[in-house]
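S.K.: Sequence:
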Amino acid sequence: MKEDYYDLLKIAKDASGSEIKKAYRKLAKKYHPDKNPDDKQSETMFKKISEAYAVLSDSKKRAQYDRFGHDKFRQKFSHDDIFGGGAKDVFREFGFGDDIFSQIFRGGVKGGRIRFETSGMGAGGAGGAGGAGFGFNDIFGQSGPARGQDMSAAMTVSFREAVDGAERNISIQTGSGAKTLSVKIPPGIQTGKKLRIKGAGAPGANGGPTGDLYIEITVADDPVFKRDGADLFVEAPVNYSTLILGGSITVPTLHGGRNLKIHKGADPGKKMRIKGAGAPKLRGHGKGDLYVTLKINVPSKITKNQKELASKLAEAGL
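Its first residue numbered 25, the sequence shown is counted upward by one per residue in this note's numbering.
Treat each hint with caution, since some may be false.
Unchecked claim - Below, a list of computed lysine to aspartate or glutamate pairs in the DMTMM-like style, where the Cα atoms sit at most 20 Å apart:
(1) Lys85 <-> Glu43
(2) Lys250 <-> Glu332
(3) Lys84 <-> Glu43
(4) Lys37 <-> Asp90
(5) Lys72 <-> Asp62
(6) Lys37 <-> Glu67
(7) Lys294 <-> Asp252
(8) Lys305 <-> Glu185
(9) Lys294 <-> Asp313
(10) Lys85 <-> Asp28
(11) Lys71 <-> Asp95
(12) Lys217 <-> Glu259
(13) Lys96 <-> Glu185
(14) Lys222 <-> Asp245
(15) Lys72 <-> Asp58
(16) Lys34 <-> Asp95
(17) Lys299 <-> Asp174
(18) Lys84 <-> Asp95
(19) Lys50 <-> Asp38
(20) Lys72 <-> Asp90
(21) Lys53 <-> Glu67
(22) Lys203 <-> Glu240
(23) Lys208 <-> Glu259
(24) Lys100 <-> Asp90
(25) Lys45 <-> Asp90
(26) Lys54 <-> Asp38
(27) Lys208 <-> Asp188
(28) Lys311 <-> Asp236
(29) Lys45 <-> Asp95
(30) Lys311 <-> Asp252
(31) Lys100 <-> Glu185
(32) Lys54 <-> Glu43
(33) Lys85 <-> Asp174
Unchecked claim - Derived DEER-like restraints, expressed as beta-carbon distance ranges:
(34) Thr204 <-> Pro169: 37 to 43 Å
(35) Gly201 <-> Asp62: 43 to 49 Å
(36) Gln65 <-> Ile196: 46 to 52 Å
(37) Glu43 <-> Gln65: 24 to 30 Å
(38) Arg220 <-> Ser265: 18 to 24 Å
(39) His309 <-> Arg192: 20 to 26 Å
(40) Arg282 <-> Pro211: 55 to 61 Å
None of these hints come from the bench; they were simulated from the model.
Backbone N, C-alpha and C fix where the C-beta goes; we use that ideal spot for every residue, glycine too.
The task is simple: from the sequences and hints, build the whole structure.
M.R.: So this is what it looks like as structure tokens:
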């Protein structure tokens, strides 16, 4: 039988643009290489209907085809002419990349998936630019249930919320609008950690499961404590006399002040550890430690008596 682009697409010669597009989509779905792996006949048909669509979907090429007929048109125009120029834009509607000619006619469909671009795919396409692997299901729809995409969000929590744990609300945007979720902050959470909220992502397709929501946590700084994992660090002012003679000072902890014994002759800058007074260990047992750095308390104003005593200490070499 003599080949004809209209016959290949099974359309009338006066078919509209939308009818041509609909016919090609139906046939491309039928003969797509991913659906017919290692089937040479299907591969050949896919090439032929793609060529027919490239011509008939372009008004100028279609007019030339109608004027010259199939044989003379094929003699006059090469594959490069057919698949060049505006044909790229036409095929991009179906997710094909700019190198459609080489993909279809230079072995790109043999033994694997055609490579499609993510650009122009609309909201359903994967993020990012450049090439990405898209197969039969990606272009023509999933044949079975598909899991929804995972979503991401960010949340900043206070130092105390991170240490003690808390419950916070977060508002996220979905395809159906905004929704508010209650999120439990586990004790001991740290900056950079992600919380997974199962089933709070994008809805699945064709009855597939919903994706998950991942919330990245940022912990705000605290004016008193520094933190490294479950360990806490704090500076405690101490009088010079206490360093010399020994004594005790009150240091801040997560649960109020606590007495810390200072041995006589302690050096300023000395780091002392209070075991188990740090933050809870995330999803673990026990707590970290609290490290206290002794810092000399130098008064900005002193009395006459204090000045005299300081002078005597200086004279004594202290």
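S.K.: Now tell me if each hint is right for this structure.
M.R.: To see whether the hints hold, each was checked on the structure:
With a CA separation close to 17 Å, the supplied pair Lys85 and Glu43 stays within the 20 Å bound. Straight-line distance between C-alpha atoms of Lys250 and Glu332 comes to about 38 Å, which puts the hinted pair past the 20 Å bound. Distance restraint check for Lys84 and Glu43: the Cα-Cα separation of roughly 17 Å lies within the 20 Å cut-off, and the hinted pair is therefore satisfied. Note on Lys37 and Asp90: the hinted pairing holds, with a Cα-Cα distance of about 9 Å set against a maximum of 20 Å.
Between Lys72 and Asp62 the CA atoms are separated by roughly 17 Å; this keeps the pair inside 20 Å, and the hint holds. For the given pair, Lys37 sits about 25 Å from Glu67 by alpha-carbon distance, which is inconsistent with the 20 Å threshold. Between Lys294 and Asp252, the direct Cα distance comes to roughly 19 Å. Compliance with the 20 Å bound is thereby established for this hinted pair. The hinted pair formed by Lys305 and Glu185 meets the criterion: a straight-line CA distance of about 14 Å does not exceed 20 Å.
Between Lys294 and Asp313 the CA atoms are separated by roughly 16 Å; this keeps the pair inside 20 Å, and the hint holds. Pair hint Lys85 plus Asp28 holds up; C-alpha atoms about 14 Å apart against a cutoff of 20 Å. Distance restraint check for Lys71 and Asp95: the Cα-Cα separation of roughly 17 Å lies within the 20 Å cut-off, and the hinted pair is therefore satisfied. Straight-line distance between C-alpha atoms of Lys217 and Glu259 comes to about 27 Å, which puts the hinted pair past the 20 Å bound.
With a C-alpha separation of about 77 Å, the suggested pair Lys96 and Glu185 falls outside the 20 Å cut-off, and the hint is violated. The straight-line distance between the Cα atoms of Lys222 and Asp245 is roughly 29 Å, outside the 20 Å bound, and the hint therefore fails. Of the pairs offered as hints, the one joining Lys72 and Asp58 holds, with about 17 Å between alpha carbons and a cut-off of 20 Å not exceeded. Between Lys34 and Asp95, the direct Cα distance comes to roughly 18 Å. Compliance with the 20 Å bound is thereby established for this hinted pair.
For the hint linking Lys299 to Asp174, the alpha-carbon distance of about 41 Å lies beyond 20 Å, and the restraint is violated. Restraint check for Lys84 and Asp95: satisfied, since their Cα atoms lie roughly 17 Å apart, inside the 20 Å limit. Distance check on the hinted pair: Lys50 and Asp38 sit about 19 Å apart at the alpha-carbon level, within 20 Å; holds. For the suggested pair Lys72 and Asp90, the alpha carbons sit about 17 Å apart, so the restraint of at most 20 Å is met.
Taken as a hint, the Lys53 and Glu67 pair is honoured in the structure, with Cα atoms around 12 Å apart against an allowance of 20 Å. Distance hint between Lys203 and Glu240 is fulfilled; the C-alpha atoms sit about 18 Å from each other, no more than 20 Å. Restraint check for Lys208 and Glu259: the C-alpha separation of about 31 Å exceeds 20 Å, so the hint is violated. Taking the CA atoms of Lys100 and Asp90, the gap is about 13 Å. The hint holds against a cut of 20 Å.
For the hint pairing Lys45 with Asp90, the CA-to-CA distance comes to about 18 Å; that is within 20 Å, so the pair holds. Our distance criterion of 20 Å between C-alpha atoms is broken by Lys54 and Asp38, whose separation comes to about 24 Å. Between Lys208 and Asp188, the direct Cα distance comes to roughly 11 Å. Compliance with the 20 Å bound is thereby established for this hinted pair. Distance restraint check for Lys311 and Asp236: the Cα-Cα separation of roughly 30 Å exceeds the 20 Å cut-off, and the hinted pair is therefore not satisfied.
With a C-alpha separation of about 23 Å, the suggested pair Lys45 and Asp95 falls outside the 20 Å cut-off, and the hint is violated. Between Lys311 and Asp252 the CA atoms are separated by roughly 12 Å; this keeps the pair inside 20 Å, and the hint holds. Annotation: proposed proximity of Lys100 to Glu185 is violated, straight-line Cα distance about 74 Å (limit 20 Å). Restraint check for Lys54 and Glu43: the C-alpha separation of about 17 Å stays at or below 20 Å, so the hint holds.
Annotation: proposed proximity of Lys85 to Asp174 is violated, straight-line Cα distance about 44 Å (limit 20 Å). Distance hint for Thr204 and Pro169: a CB-CB separation of about 28 Å, inconsistent with the stated range 37 to 43 Å. Between Gly201 and Asp62 the Cβ separation comes to about 46 Å, which falls inside the hinted range of 43 to 49 Å. At roughly 49 Å, the beta-carbon separation of Gln65 and Ile196 lies within the given 46 to 52 Å, and the hint holds.
Glu43 and Gln65 have their C-beta atoms about 25 Å apart, which keeps the hinted 24 to 30 Å range intact. Judged by the Cβ atoms, the range 18 to 24 Å given for Arg220 and Ser265 is violated: they are separated by roughly 54 Å. Checked against the hint of 20 to 26 Å, the pair His309 and Arg192 passes, with Cβ atoms roughly 25 Å apart. Separated by about 20 Å at the C-beta atoms, Arg282 and Pro211 break the suggested range of 55 to 61 Å.
Of the numbered hints given earlier, the model fails hints 2, 6, 12, 13, 14, 17, 23, 26, 28, 29, 31, 33, 34, 38 and 40; all others are met.
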